[in-house]
Structure formats: C-alpha cells, structure tokens
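With the hints as extra help, turn the sequences into a complete structure.
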Amino acid sequence: MLVNCAAYRDGRKIADIDKAAISDYVSQEDCFVWVALKNPTEGEIDEMGHEFDLHPLAIEDARHGHQRPKIDEYDGMLFCVMHTLESDEDGLLRSGEVCVFAGRNFVLSIRNRSEAGFQDVRKRCESDPLMLRHGAGFVLYALIDAVVDRYLPLIDRFDDEMEYLENRLFTARATTRSNIEDLYALKRDLTKVLHVVHPLQESVKKLCGGWTPGVCAGMQDYFRDVNDHLERIVRSLERIRDMLLTATQVNLTLVALDESVITKKLASWGALFAVPTMIAGIYGMNFAQMPELHMRYGYPVALLVMLVADLILWRRFRRSGWL
Amino acid sequence: MLVNCAAYRDGRKIADIDKAAISDYVSQEDCFVWVALKNPTEGEIDEMGHEFDLHPLAIEDARHGHQRPKIDEYDGMLFCVMHTLESDEDGLLRSGEVCVFAGRNFVLSIRNRSEAGFQDVRKRCESDPLMLRHGAGFVLYALIDAVVDRYLPLIDRFDDEMEYLENRLFTARATTRSNIEDLYALKRDLTKVLHVVHPLQESVKKLCGGWTPGVCAGMQDYFRDVNDHLERIVRSLERIRDMLLTATQVNLTLVALDESVITKKLASWGALFAVPTMIAGIYGMNFAQMPELHMRYGYPVALLVMLVADLILWRRFRRSGWL
Amino acid sequence: MLVNCAAYRDGRKIADIDKAAISDYVSQEDCFVWVALKNPTEGEIDEMGHEFDLHPLAIEDARHGHQRPKIDEYDGMLFCVMHTLESDEDGLLRSGEVCVFAGRNFVLSIRNRSEAGFQDVRKRCESDPLMLRHGAGFVLYALIDAVVDRYLPLIDRFDDEMEYLENRLFTARATTRSNIEDLYALKRDLTKVLHVVHPLQESVKKLCGGWTPGVCAGMQDYFRDVNDHLERIVRSLERIRDMLLTATQVNLTLVALDESVITKKLASWGALFAVPTMIAGIYGMNFAQMPELHMRYGYPVALLVMLVADLILWRRFRRSGWL
Amino acid sequence: MLVNCAAYRDGRKIADIDKAAISDYVSQEDCFVWVALKNPTEGEIDEMGHEFDLHPLAIEDARHGHQRPKIDEYDGMLFCVMHTLESDEDGLLRSGEVCVFAGRNFVLSIRNRSEAGFQDVRKRCESDPLMLRHGAGFVLYALIDAVVDRYLPLIDRFDDEMEYLENRLFTARATTRSNIEDLYALKRDLTKVLHVVHPLQESVKKLCGGWTPGVCAGMQDYFRDVNDHLERIVRSLERIRDMLLTATQVNLTLVALDESVITKKLASWGALFAVPTMIAGIYGMNFAQMPELHMRYGYPVALLVMLVADLILWRRFRRSGWL
Amino acid sequence: MLVNCAAYRDGRKIADIDKAAISDYVSQEDCFVWVALKNPTEGEIDEMGHEFDLHPLAIEDARHGHQRPKIDEYDGMLFCVMHTLESDEDGLLRSGEVCVFAGRNFVLSIRNRSEAGFQDVRKRCESDPLMLRHGAGFVLYALIDAVVDRYLPLIDRFDDEMEYLENRLFTARATTRSNIEDLYALKRDLTKVLHVVHPLQESVKKLCGGWTPGVCAGMQDYFRDVNDHLERIVRSLERIRDMLLTATQVNLTLVALDESVITKKLASWGALFAVPTMIAGIYGMNFAQMPELHMRYGYPVALLVMLVADLILWRRFRRSGWL
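Chains as they are written, first to last, in full-length UniProt numbering: chain A, 1 to 323; chain B, 1 to 323; chain C, 1 to 323; chain D, 1 to 323; chain E, 1 to 323.
Just so you know, these hints were derived from the structure itself, not from any lab.
Each hint should be verified, as a subset may be incorrect.
No copy is singled out in the list; a pair is fine if it fits within one copy or between any two copies.
[Stated by the list, open to error] Heads up, simulated EDC-like pairs for lysine to aspartate or glutamate below, C-alpha to C-alpha not over 20 angstroms straight-line:
hint, residue 1, residue 2
1, 13, 73
2, 38, 51
3, 13, 126
4, 206, 72
5, 192, 89
6, 265, 310
7, 123, 16
8, 38, 16
9, 19, 181
10, 192, 160
11, 205, 145
As structure tokens, this is what we get:
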C-alpha cells in the first residue's frame, strides 16, 4: 500500500506526486523523491524496483523479508534492513521489518508487520529544510534514528522488570514457579531485542568509521550519534542479561536454601512427635512387673516427662534456628 | 558416478558432453564446462584431477572427505568444501559433503553421502543466461546459495522444538527425564549445525570482504548476500543456544523446586499421621490410674481430639501452601 | 547554574569574567576560557551553545543526559561524557553525569546530579602554569583524571566487601539468606561501575593510540596515564566479578552440603527414636504367651536393650560423622 | 642419540653421513642435510648447535624442553616446537616434545619422551623427489603434517567416549559416581590436547597468512593445508568441550531428579506404613468403653480398613507417578 | 635504600660509583649506569628522577606504586612496571612491585615489598660482556626474564594442588567443607597471578611485534622469548582455571549425589523399622477376638514374620544399591 509519495527540492517539499510521475522527478538533478510503502504486494515492490532501478538481490531481500538487520551498498545505493519491536496488548513483543532504499536522489521505505508509521519523521524532516537539503542521506539517518529511538523504552521496561524480579526474589518467597517463569520470559525478550539491535549497531558503526558511501557524505556525525545510542542499548541489554544470569543462579541457591530450611523443620517436628511416642510406647508394654505403672502419679509424671522433653527440644531447635 | 557434464558458451548450454571431450571444451577461451559427480570412486576423482589439472592437495582433500567447510585458492582455482545436513526418517541429522572446484572456465562439483542433488540449481542457472555468462563464479555462487538455503529449515525446526520444550517446561511437569533428554538432543543437533555453518560463513565472508579471486570477479554482491544469509543462520543458532543454556538452568531450578514441594508434602502428611499416633500411644499406656480411660466419653473425645488436631494442622498447611 | 567562569592567558588566570564577556575572550588567539555549569537549565545550555558555537548534536546529548560515556569529535571540538558514582548515606551508588566541551580555546564542563565539584581541579591546574599553558587539552585531561581518581576507592570498597563475604562464607554459616543477598548486591554494584568505566576506558584509549585531535596535541603521555588507571580499574572489576561468580557457585555447593548434613542428622535421630519405639511396640503386643513379659527382670532388661542399641547406633553415627 | 643423518641433493639422498661430515655438506649450496636426534644429551645438542650455527635462545629452549608449541624465526632459520600425545597401555595421554630447526639447507629434528619416530616421514619424502627438491621447507611441512595427523585419532576417541557417556547418562542410571569421574577425566584429556594443539595452530596459521620466511618459500599451500587440519581439530575439540559442559549440567539435573524420585518413594512408603500404624494405635488404646473392640468382626474389619486404605493410597501414588 | 650503583663500558663494569657521580658517567656516550633501589623513600626517587631526567608521570607512578603491570615509553625512555609474587611461610601469595626505567645509557630498577633481589641477574649479566654490550635494552630484558622465571614455580604448585584436589574429590569423601574451601582458595590465588601476568604479557608482546623503541634495538628475539614464556604461563593458568571450574561443578554434582545416597539409606532404614513397628502395633490392639493372640506359637510366629519381612526388604534394598 502506498502511504506517501512526495518530491523535494532544496530541502522543501514541492509536491505530493503520483507513482507514475516518480521517474520524471528522479531524473532531475536537484530533486529527490521520498516514497513510503506499507505491507506492499510483490507487484508494488517490483514496480518500485523498476522505477528506481534497484538491484535484483536487494529487491529479493525486501520481497522475502526475514532478513537480518543490515546496511548493504549496491552500486552507490544503500539498502538498509531494520526490525521493529512493538508490544501488543498482552505485553508480547511482535517484530516487524522496515527496509529503506536510499539512492542519490530518492528514498524508498517499506514497512511490514509494523503499526507505527513514519509520518512524524517526515514532518520533522520537512520542518528542518537546512538539514533536509542533504537529501537521501539525511532521510535515511532520520528513519534509522526513529527506529532506534523506539527501542529505548524497551530498556526501561526491562530495567523495571528486572528490579521487580529482584525484589520478589529477596523480599517475598523465592521459591515460586512464577518467579522462574518471569525470569525466563525476560531472558527470552531480552535475547530477542539483542538479536535485533546488535547487527544493526554493527552496520551503523561501519557507516561512521571509515566507510562513507556517497549517499551519506557529510552525515558521519549524525550516524555516529545513532551508533552511540545503539551501543548504549546493546550495553544496557548485556548488563541486564548479566544480572539475569546471576539472578537465575541466585534463585537456584535460594530454592536449595528453602529446601534445607524445610528439611530442618521436618526433622525438628519429627523429633517433637517421636519423643512422646517413644515414651508412650514404653509404658504401653505389657511386662508383668513395671513398678511405674502402679505408682500413684505415674501417669501425670509420664505426661510431664513427655512435655518437658519436648520443651527442651523445642528450645534447642529454636536457638539453633531450626524452628 | 557422473551425474551430469555439459558445456556452456555465452551463458547458454551448447551440449551434454562426454568425459573424454572435457579437455576440448576447457581449452576454448569462451566456453566453460560444468561437471557433477556423486559418490565418486577414487579413480573418477583422479581422472577429473587430470582433466582439469587440479592441485594435488585439493584432490587429496576431496578424496579423503571429512574436511572442515572452507574455501581455498590454488593457483587461481577455488576449492570449496561444504557440509550438507539432511534429516532421515527418525529425525536424525545426517551430514554429507559437497566439494566444488571452480576454475577459470570449469566447475566440478562432487557430492558425497547426500541425497539432495543440484539439478534444480542447474536448471535455474540455465534459465538465466545473463547471469550464467559470468561463468564459474556464478555457478559457484549458485551452488553455495543452494546449500545455504537448505540450512534454513533447520532454524525453523530448532525454533519450534525450543518453543515446544519451553511450553513443556512451564505448563506440564518439568521434572520428567524425557524433557532433559530432549534439551540435550536439541543442544547436540544445534552444535552439529553450528559446527558446519560457522566455518563456511567465515570463508564466504572473506570472499566478500577484500579478497576477490579472479574466478569471482564481479560477484561480490552475490557472495555478500550468501554471507548475510549465513550470518543470520549463525546468529539464530547462537540465540537458540543461549536460550537452551538458560532453559537447562531453569530446568534444574524447577527440579529443585519440585523437590522442595515434595518435601513439604512429605512433612505435612507425616505430621498429620504423627499427631493421632502419638495421642493413641498415650492412651495405650498401661498405667493403673488413667482417669480418662474410664470416663464415659473418653474414647469418642480422644478420637475427636485427634480429628480436630489434624484439621487445625491441615488448615495451617493449606494456608502456608505446603499441601 | 553557573559555578565558575574565568579567562586564562599563558597558563595564568587573568580574570573571573561575566557570561556576556565570554565571546570577547574566546576571540583572542592567546586566551582560553574555562566555564563550569552545575545542573543547568535548557536555556543556559543553549546560551553556552550559542556562545561557543557548539555542534547541535552535542548540545542535544548534553541537554537530554543519559548518554553512555564517550569522547566524540565535532569539527575540531571534543565532546566528552563521563558518569560519576557517589555513595549516598545508605551506601547506595548514585550516578551523575559530567559533560565536557573542549575547543581550541575554551572548556565548558556541565555537571548533573553530582555533589562533588571540580574546584580542587581548577585550583591544582592554576597552581601549575607550565602545564596549564597547554590550554583546553590539559584541562580536559585534568577533569577526566579527577573523575577517574574518584572511581578508585570503589575498587577498594568492593575488595573489602568481597573479602568480608568470603570470610562469612567459610567461617560462619554459609546458608544464610543475607549472604546471598549481599553477593547479589555486590554483583549489581560491580556491574553498574563496570558499565560506567568500560566505555570511558575505550574512548580514552583511542585518545592515546593514534587518534590525536588538535585540542589534545602534546598530551598523549597524559591520556595514556589516565588510560592505564582506567584499565587497572576495569581489570580489577573483572577480577572481582570472576571471584563473585565462583563465590556464588561455591555458596550453592555449601548450601547443598548443609542440606546433606541435616539429612544425615535427621536420619540418625530418626533411627535413635525408631529402635526403642519398635522394641516397645513388640512388648506391647497382647499375645497370651509372651514369656519375657513374666520374667522378673523383663522390664529393666528391655529398657537396657533399648539403651544399648541406641548407644551402639550413636557411636556408629558419631564415628561416620553423621552426628 | 643420533637416529639418522643424511645428505640430499636435488631431492635425492646422496649419502648417510657422519656427524663430523655435516659441515662439509651444509657448506655446499645445492645440498641439504637432514639430522634426527632422539632424547639427546645436552652435549649432543650443543654439538649440533655449533655445527649448524643455531641461535643460543633456540638451543636453550630445545635443551630445557617444556616450551609451549610455537614456530619462531631466528635470522632466516625456523625453530618449531611441537608436542606429541601418545596413549600408554592404561589409556593415559603422555606428552612428548619434538623440536625442529629448519635452515636454508638443513633440518634438525629432536624428539624427546616420544615413542613414535619419523622414519615413515623420511621414507615418504624420499619417495617424492619432486617435492623433496623444495628442501628444508618441505621437510618441515612433512614433519608438522605427521605430528598433526597423529592428533586425529584422539578426536575420534573423544567422540566415541562422549557418545558412550551420553548413552550411559540417559539409558543407564545417571547417578553413578563413575559417570562423573569419566566426564571429568574426558574433560581433562580434552583440555590437555587443546592446550597442545591450539598454540601450534596459531603458529602455523601465521605461516600461511602473510608471513613467509625464506625457508618456506613456495610452500604456503601446504602449510595452509596443515592449518586446515589443525583448525578442524581445534573446532572439534571445542565442540566436544561444549557438549561436555552441557552433559555436566544435565548430569546434575538428573541427579537432582533422581533425588526427588527417591523422596517421592520415601514419602509414599512412609504413608503406606503410617496409616495401619495409626489405626492399630487407636485400637491399642485402653479406654474402658470402646465398642468396636467387642464387636464380633471388629478385628478383621480393622485389618480390612487398613488394607483398603493402603490400596487406595497405593493407587493414588501409582497414578501420580510417585511409586 | 640504594642497593647497587655501577658504571659499565663496552659490556664490562668499570666502577662501583657514588650517587653523586651518576651524571658524570651518564653524560659519557659509551658508558651506561645501572642503579638498583630497594623500598626507596620519596626523596630518593625524586633525586634519581632529577639525575636521569625522568618523566614526571613515570616518577609519580613509581612513587605511588599499585600500578598495573605495563611498559610505557616516554621520550625514548622505557618505564616498566612488574609485580612480584612471593609465598610467605603460610603459603600465602604476597605481591611486590618492581619498576624499571631504561634510558639510552642507564637502567634504574626500584624494588618494593619484595624479598628476592636481582644480584644474581647482575652477576649473570656481568659474566656475559658480549650481551651486556647491548646496554640498557639487555639489562631490561634480563630483569623482566628474571621476574618471569620466578612465576614458573607457581604453575607447578597450582598443578600439584589441582591434582591433589582432584584425587580428594574422587577417592576420598567429596562432601567435606575443606575441599570446597581449597578449591576456592586455589581459584583466588590463580586469579591473582593471572591478574599480574596477563597485562605484563600484553606489554611484552608489543615489544616483540612491531613496536621497537630505540632502547631495545636488536633485542627483539630476546623479548619474543620472554613473551613465549609469559604466554605459556598465561595459557597454563587458563587451563587450570578451566579445570577448576569443571571441578567446582563436579563437586556440586557429587554433593547432590551424596545427598541422594543418604536419602536412600534413610528411606531403607525407615522401612526396616516401620514394618515390625506396624506388625507390633496390630497385635497390640485390644480387640476382644483376635484368634492369633491365643495361638500357641502366636508370639514367635509374629516375631518371625517381622524378621522375614525385614530380611526380604533388606535383600531388595541391597540389590538395588540403596543400602
């Protein structure tokens, strides 16, 4: 679906144009065209491929989707694949894909399985004609920057979840199954995000360290800034992952500790019951001559002995922390 | 076994030729020959080695098999070793080997212990004369691309198995022996695939980053595309491996948790039996003077006491989650 | 808030100047201006940005905060972001941020959420006119050096805490929940510091290995010295982290060992109660013909048997270390 | 002990020569001398050092032994240290050392604590005069290749042991002490081999990637082949090590699982005994009025109740997998 | 404290000189001076700094101590920091520091908190005038070589301790607290040594790979030899560390295994007591009609039944390895 298609000159929009008119504007030296597609059909992609003379391998990648995030150069044109991550109502992370083709005087963005559009990016770009004059390179930067900025809230969310998990681990009862499930789920989400952010960071890093394709001329400072943000995200994810690993180990230790606390309790209560039972057993024997049985206070004394023995045990268990 | 042997000129097949005629075509500047062998005898390999003037070390590698995946250059000829992975009926991964010799105007592919042939690759190549005009370099690309594409379904299979394992881990009973066995088996398969894919990725990466042997001139974009696919596979495998490690740790924690749940139950039931047994023991004593024994409702009251004590305990255990 | 604003010539302070006068001094070739802000408003930052002609991306980074530590170059100006770590009364680490802009003849430092100022740095610099003659590069070095020096006590603190934890692990009872909590807290603080120090070290390393921006000309030896200190900190943190990991594993083993000690005790005491109870049970049977019951010393002998059996068991348990 | 000492010209052996005659042949431009020592005395090494004018540091390394595997260059001479690994009768790995000095026209190999000689290498070299014409470089290659080929069976042995361990882990009882011992022993052997192979691979890699000492001129393809073999060995060792780690973790989980199975059995059988004991206790009470005691079928009904209660429990435990 | 101060010309000592005379000799082109200090005061260091014109940053590092091992170059002078490790009577590792300043024609070594001096190094150097002619570079090499050689016995000690631990782990009882303590202590010592050796190796490596300061001209082969030794130490430490990690994991498994063996014993003995107790309980019931009670051999038969039941159980437990 065609979302938007506009031509720019000198940093200012000159017209919303029709698909058919694209080639007219692209052929003008001082113009550039910015097209946005959403969930396009194969036909639409092929049409654009023809219009902008895109490399067949890049078209194929855009068509099939499920590429890893990357920035490739084909004969002076940049082809950028990014993944978007959006939380649905249940808090599950759903990933989409954004492909950007950036040539000398055109930008084509293709958005798949992603709700959030780039209208705001277009608006911000159009409001800054000085920068927009840089053309395709600046638009590419603005799009990558927008995608990267949308990763940032995930870090905060992970940090919050981690903190919540830590609190539950130490204050509440550690040995709940849900705690382990949450640890695992957080780990899975984290891995998913890292799997999306890390390759993009590596690609952007190349853009600001030596390799400067013509399209991005004069934009190095900007790509370095995006790279800084991406690196901050990657490092934060790695930090949380590291803590998650420790939390998993600590959780196991807490479970084992809990087990030994229970075993202590079990042993203590077992002893408290075993002593009276043993004494009662002894006075339940049927020997003909058991003088205690015929003493006057035999029974209450026996009960007392049971009680006193249990009290002594109870205090010892208490003092040694078993009960 | 000779599967196929054809000569091409200008991107088009000119003839299926006989082994003996190979040298005639190879000697022509504008021709190239594409030979495919399957499970060849040592004699056949030597014959081809003589026909194409292959390097003795490469011939030896092809003859012995069990090489690691690699791409080596010998005097302008490329020698590529790849491993194939095919699931047999029991779902077990069986590995085979594909060696490709790519010279200036010939390609020789040797397939060992692998069911899936490359007839479809040949057909696709022949249907695209524009590309096939690139000669041996393009055929080499097409063969590597085909082998790599056959790795992709493995990732999906691993992802499915991982998800299945996770579900069993948290919804069903974690403490089954089969769960652990499946985790281990998945890990083993994953390691096997990584062991096959990773060295190939490193070799292909060199082909698209600086080192450009003459045979592959003008094919960099294509090898970079294969490299992208291989890198995506490697990263996905590493991601799954990471989750597997976490799953193994989580599994251990769940087993320990299960153990402590059982111990709690054991302790609770033990107490529920111990209380009446103790009381019964007391009234089983043979003291001459035990007034309760002669009370009218002594027996039912004793039973009631037992019942009430157990009910109280039961409720406390229930509330604290031990039962 | 403007903390300080002074102009220097030839390594000596010439005047405390007003904000408005900054541009007058900056325009003089042989002067340089050193401005310090604390928790500035957006307006103050913009004002300075205008005064010193700072790059918009750097201004934006300074304004938003929460950047990762880094040193970037913008058109001959260096932009350095560092994080400060200060322990509050509860021993918790609170992080602040220090941004430094260092141009040809100015230094602007912005301090956010950090108590400790840089008045002492300024004093030390002013007392060494020979070095201060190097201008902005030297001031940048002095500021980084001061921030790094403030990290050093953290290492000692971590080392002390680690040693304290180790002692508790082996001398006192390992199985206390607080021990695990302290291990985890130390790990979290350590990760926090590493997350702050490591990126700074990577940035400073670049400054002393090849990349020499004009501002830092002639200061390489000094930045290498800072780098040495940073590397020592990073390595020490990694060493403590490594020991922490081992301590966590050892803690688990100690908990498991404790558990098995308790189980041994439980089993031993269980046996010591079970034997008399069984014997008493036997002589509590109501068989008509049980000769022992009518023997003269039947009862005391039975008690003796119980006692002797328990004594034998007791000694065996003692000898095998179960009790 | 001098094993062998021969002079070669043009790829063919011209004579077995005497130690004293070495310098005569070395001084001839077109000759090269190949000397093999076994467990030499210090005197023999010094003698050779004098004969071939070896670097004092290399001589010292050869004399002291216990160097790490490496290839060093001294003034145009290569000094190569390799470790051999031989299984003794008990299956234990014993390591020996092979030092090779390769100069422009001589090769000196020194073998220490290693049974397997290099007579077969010498024979194979002498049977291929075309290659042997390359002189010292080729002999060095042949010797390294021979040592590397002898590592290969270790991989197969480790793979077999690993498979055997895996089978025992899942089919037989996991919780045997011998299983853990075997895991540990395999890990130790593996580490030993990796410790020997990895540095050699790094040294050989340098020989085929850029650094080409004069001695090895024209032999790059051959050293790359050796490097390929070494890399395959290293990767296989790392793969097995990875599986070993997983097996260790899985083993722990299986032990924990076993423990919880036993605890379940313990709890179940405990309950099956506790129920009749409790009932018997109740009817062992001495209350004056216990109507059941005087019923006609009181006793058999009590027994029946015990039996039925146990049967019900038995079925429930069975169904929930506790028994 | 000044330990030694001598002047050398042409590889031979010409005189033990006075501190005041140093500058006289240093100013002579063909002389070099070698000074050794031990635990110097700040004044002595400053004096030497003045005498040899040392860089203020290097002086400061030498004065403060607690630097990480490193080799820095200041205007043609090398500044080398090494750590010494000496076992005290209790087997504890105490670390000292050795700083070496090596200029064109002087060497200044400063030893702190280290017992072992370098008199033997000086003697060995003076006995080899051919090498000593290389001047400061050779002395620097000799000092580093001496420090490195003193690390070697630590490896043997760690290897011995590791072997001892392994033996205890598998032959004796694994579950002793002292075993875990020893594992931990070994790990701590190992980490300490690695922390000292690794940075030194990285610094020395740079000296033999490309970076050749004037002072070390012609000494590359010698520094490569030191580097080889250091790398061997680092790798050995990493190998032992790897085995330690495995040993820790194996220890945990053994503890868990022990626990399950104890639980099996506990369950078995529990059953052996529970059966007679249950039977005795049944015949202790007071039912009016219990025919067995009045049979002639009722009592001995009951005892026999108890015994037989226990014997059967005993054999089953024995056969399944529970007892």
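Quiz prompt | Same-copy or cross-copy closeness of residue 192 to residue 89 [CA-CA at most 20 angstroms] | solution = within (18 angstroms within a copy, 32 angstroms between copies)
Self-check item: Within, between, both or neither, where residue 192 and residue 160 count as close if Cα-Cα is 20 angstroms or less
Solution: Answer is both; intra-copy 18 angstroms and inter-copy 15 angstroms each pass.
Exercise. If the cutoff is 20 angstroms on CA atoms, where do residue 123 and residue 16 land: within, between, both or neither? Let me know, please.
Key: within (14 angstroms within a copy, 45 angstroms between copies)
Quiz item: How would you classify residue 13 and residue 126 at a CA-CA limit of 20 angstroms: within, between, both, or neither?
Solution: Within one copy only: 7 angstroms inside, 47 angstroms across.
Quiz item: Within a copy, between copies, both or neither: where do residue 38 and residue 16 come within 20 angstroms Cα-Cα?
Solution: For residue 38 and residue 16, the Cα distance is within 20 angstroms only inside one copy (17 angstroms; across copies 48 angstroms).
Quiz item: When no copy is specified for residue 38 and residue 51, does a C-alpha distance of 20 angstroms or less occur within a copy, between copies, both, or neither?
Solution: within (17 angstroms within a copy, 45 angstroms between copies)
Quiz item: From the Cα coordinates, with 20 angstroms as the cut-off, is the pair residue 265 and residue 310 best called within, between, both, or neither?
Solution: Both, since 14 angstroms and 18 angstroms are each at most 20 angstroms.
Quiz item: Given identical chains, is residue 13 near residue 73, meaning Cα to Cα at most 20 angstroms, within a copy, between copies, both, or neither?
Solution: Neither. Shortest intra-copy (27 angstroms) and inter-copy (32 angstroms) distances fail the 20 angstroms Cα cut-off.
Self-check item: Status of residue 72 relative to residue 206 across identical chains (alpha carbons, at most 20 angstroms)
Solution: both (11 angstroms within a copy, 16 angstroms between copies)
Quiz item: How would you classify residue 19 and residue 181 at a CA-CA limit of 20 angstroms: within, between, both, or neither?
Solution: Result: close neither inside a copy nor across copies, 50 angstroms intra and 57 angstroms inter.
Exercise. Measure nothing new, just compare the shortest in-copy and cross-copy C-alpha distances for residue 205 and residue 145 to 20 angstroms and report within, between, both or neither.
Key: within (13 angstroms within a copy, 27 angstroms between copies)
The structure fails to meet hints 1 and 9 from the earlier list, while all remaining hints are met.
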